[in-house]
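Asker: Read off the chains here:
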Amino acid sequence: AQSVTQLGSHVSVSEGALVLLRCNYSSSVPPYLFWYVQYPNQGLQLLLKYTTGATLVKGINGFEAEFKKSETSFHLTKPSAHMSDAAEYFCAVSERAGNNRKLIWGLGTSLAVNP
Amino acid sequence: NAGVMQNPRHLVRRRGQEARLRCSPMKGHSHVYWYRQLPEEGLKFMVYLQKENIIDESGMPKERFSAEFPKEGPSILRIQQVVRGDSAAYFCASSPGLGDEARGYTFGSGTRLTVV
Chain A
1 AQSVTQLGSH
11 VSVSEGALVL
21 LRCNYSSSVP
31 PYLFWYVQYP
41 NQGLQLLLKY
51 TTGATLVKGI
61 NGFEAEFKKS
71 ETSFHLTKPS
81 AHMSDAAEYF
91 CAVSERAGNN
101 RKLIWGLGTS
111 LAVNP
Chain B
116 NAGVMQNPRH
126 LVRRRGQEAR
136 LRCSPMKGHS
146 HVYWYRQLPE
156 EGLKFMVYLQ
166 KENIIDESGM
176 PKERFSAEFP
186 KEGPSILRIQ
196 QVVRGDSAAY
206 FCASSPGLGD
216 EARGYTFGSG
226 TRLTVV
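From first to last, the protein sequence lines stand for chains A and B. The working numbering numbers the first residue of the first sequence as 1 and each following residue consecutively. The working numbering numbers the first residue of the second sequence as 116 and each following residue consecutively.
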């Protein structure tokens with residue numbers, strides 16, 4: 001069965017510092033991989049996704065993530081944090097085959113950005 | 116080009132009442148997923164529906180919860196005889212169909228259910 005682990009439920013960085021949010025997955029075959037962001041009391045917005053091709057994926061708001069098959073990881077990074085990046089970030093996976101492409105979620109990482 | 120519409124945004128119910136949550140998928144999308152977000156537990160899959168069909172309801176509690184996606188109209192998540200533990204944010208996501216999830220599911224803004 002697939003599972004997703006996000007290391008660190010809370011991450012705090014200074015404005016302008018590097019953001020690194022970790023995500024590891026467990027799956028018999030490489031799944032589709034997603035990062036979503038949730039601002040307080042709002043819905044889920046897709047940041048980026050990996051399906052096939054280049055393993056370094058660029059998303060919105062300056063975020064990017066790299067799929068590393070050997071490490072079963074899909075860590076999210078941003079070179080320079082902005083105050084507006086403070087939010088909850090979720091890593092998710094879905095199967096590439098089968099009749100149900102439901103998303104399996106990590107527990108989320110709350111990102112705080114300090115001035 | 117409206118996105119996924121969920122209503123109501125906030126719903127307050129007393130214990131024992133029924134809650135009906137609605138989800139209108141994006142135009143052209145025929146697949147709907149419901150997820151529940153509980154405090155400290157993250158997001159959990161509940162049910163996957165296509166028009167007039169329940170494909171996977173393995174994440175639905177065995178009792179009191181039901182879902183439908185009729186040929187016409189929105190998808191409905193129905194919770195009968197609500198209890199305090201049902202208080203959560205319920206999100207709906209839609210996609211065009213199998214094989215299109217690579218585009219990323221589109222989520223609604225959610226319905227926040229509070230049971231008092």
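Derived from the structure by calculation, the hints contain no laboratory data. Quick caveat: nothing in here was measured; it's all calculated off a predicted structure. Just to be clear, a hint being listed does not mean it is correct.
[Claimed, not checked] Not everything, but these chain A residues come out facing chain B in the computed CB check (under 8 Å):
no. : residue
1   : 39
2   : 42
3   : 56
4   : 102
5   : 103
6   : 106
[Unchecked claim] Computed cross-link-like contacts, DSSO-like style, restricted to lysine-lysine with a CA-CA straight-line distance of at most 30 Å:
no. : chain 1 : residue 1 : chain 2 : residue 2
7   : A       : 69        : A       : 58
8   : B       : 159       : B       : 186
9   : A       : 69        : B       : 159
10  : B       : 142       : B       : 159
11  : B       : 142       : B       : 186
12  : B       : 142       : B       : 166
13  : B       : 159       : A       : 58
14  : A       : 68        : B       : 142
15  : B       : 159       : B       : 177
16  : A       : 58        : B       : 166
17  : B       : 186       : B       : 166
18  : B       : 177       : B       : 166
[Said to hold, decoys possible] Here are a few chain A residues that sit away from chain B, every Cβ distance over 10 Å (derived from the structure):
no. : residue
19  : 12
20  : 14
21  : 16
22  : 20
23  : 26
24  : 45
25  : 62
26  : 67
27  : 73
28  : 75
29  : 79
30  : 82
31  : 84
32  : 101
33  : 104
34  : 112
We treat Cβ as the ideally placed atom computed from N, Cα and C, and that holds for glycine.
Asker: Confirm or reject: residue 104 of chain A is not an interface residue toward chain B, with every Cβ-Cβ distance exceeding 10 Å.
Answerer: The assertion about residue 104 of chain A is violated, with a minimum of 7 Å to chain B.
Asker: Grab the minimum beta-carbon distance between residue 112 of chain A and chain B and tell me whether it stays above 10 Å.
Answerer: holds, 18 Å
Asker: Quick check on residue 56 of chain A please, does its C-beta sit within 8 Å of some C-beta on chain B?
Answerer: This interface hint is violated because 17 Å lies over the 8 Å limit.
Asker: In terms of Cβ atoms, is chain B entirely out of 10 Å range of residue 73 of chain A?
Answerer: Per Cβ check, residue 73 of chain A is outside 10 Å of chain B; nearest 19 Å; holds.
Asker: Does residue 16 of chain A clear chain B by more than 10 Å, comparing its Cβ with all Cβ atoms of that chain?
Answerer: The claim holds: residue 16 of chain A sits with its nearest Cβ about 29 Å from chain B, beyond 10 Å.
Asker: Does residue 58 of chain A lie within 30 Å of residue 69 of chain A when you go C-alpha to C-alpha?
Answerer: Within the cut-off at roughly 17 Å; holds.
Asker: With d taken as the least Cβ-Cβ distance between residue 14 of chain A and chain B, does d exceed 10 Å?
Answerer: holds, 27 Å
Asker: Holds or violated: residue 142 of chain B with residue 166 of chain B, Cα cutoff 30 Å?
Answerer: holds, 13 Å
Asker: Quick one, are residue 159 of chain B and residue 186 of chain B close enough, alpha carbons at most 30 Å?
Answerer: Holds: residue 159 of chain B and residue 186 of chain B sit about 26 Å apart, inside 30 Å.
Asker: Does residue 20 of chain A really sit off the interface, with its C-beta more than 10 Å from all C-beta atoms of chain B?
Answerer: Fine: 20 Å to the nearest Cβ keeps residue 20 of chain A off the interface.
Asker: Could you let me know if the closest chain B CB is still more than 10 Å away from the CB of residue 26 of chain A?
Answerer: holds, 16 Å
Asker: In terms of Cβ atoms, is chain B entirely out of 10 Å range of residue 67 of chain A?
Answerer: holds, 14 Å
Violated hints, in rising order: 1, 3, 14, 16, 24, 32 and 33; the structure is consistent with all others.
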